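Start counting at 1 in the sequence shown, then tack on 193, and there's your number in our numbering.
These aren't lab readings, by the way, just hints derived from the structure by calculation. Note that the structure is a prediction, hence the values are computed from the model and not measured. A couple of the hints might just be wrong.
To be verified - In the SDA-like style, the derived pairs of lysine to any residue whose C-alpha atoms are separated by at most 25 Å in a straight line are:
hint : residue 1 : residue 2
1    : K279      : N323
2    : K274      : P324
3    : K279      : S231
4    : K279      : N443
5    : K279      : T314
6    : K264      : D216
7    : K283      : D216
8    : K283      : M194
9    : K264      : N323
10   : K264      : G221
11   : K283      : D300
12   : K283      : L198
13   : K279      : D245
14   : K264      : P324
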Amino acid sequence: MAVALSTLVEEADRYLGSARIQDYCPNGLQVEGRPQVSRIVSGVTASQALLDAAVEANADLVLVHHGYFWKGENPCITGMKQRRLKTLLKHDISLLSYHLPLDLHADVGNNVQLAQQLEITVEGPLDPDNPRIVGLVGSLSEAMTPRDFARRVQSALGREPLLIEGDGMIRRVGWCTGGGQGYIDQAVLAGVDLYLSGEASEQTFHSARENGISFIAAGHHATERYGVQALGDYLARRFALEHLFIDCPNPI
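With the hints as constraints, model all of the structure from the sequences given.
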């Protein structure tokens, strides 16, 4: 089966509500390829490794969370950017990218999908008064020690997380995938026992310690593998297409 590229993009935009979300990059179709799509390759970042794998897989479209043309970046098409774009254009492959819309979505969003991986029941937004903060809060079915929860994270994501261990048991959790470590202050105000994000900054340690909560940095890449897979699966079901998720390992 195949679907028109324009139809697939229109449905992805509609499903994610991307037109309503302000972002640091363009969401949707970033590079236009062949007009019909029958095979989607998805991945976290439109790296050269992912593009090369998509060429090998005979993909018509690459679907990612981290695409191109970020606010403030050098607009010149040189070096790494030239090589990446040349690969897409040479092989007539489209690039479809969604950043914040894929963090925020209530069904296929990175944060909701990570909650499923970690068996967290979603209760609501991390900061109900600030829709720009994309994190969530939720609870575990049973309280557990910080180390036991860290082991759950490691088992689910396949990498050892960084744990800053607090004194209390973990029942209420706040989280934001990717580079959301700066939201730890909102997590403290939300009354969580543990805050989890993809990355950590130097000051994150002090915020966790001095506010008496545990913190886990589980990896930017590792925490954002699941939303793009779920979106790819949705589009594949919607249009009877082939979908292949390709994980290009990244320890960060």
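Going through the earlier hints one by one, which of them does the structure break, listed in rising order? 1, 2, 5, 7, 11
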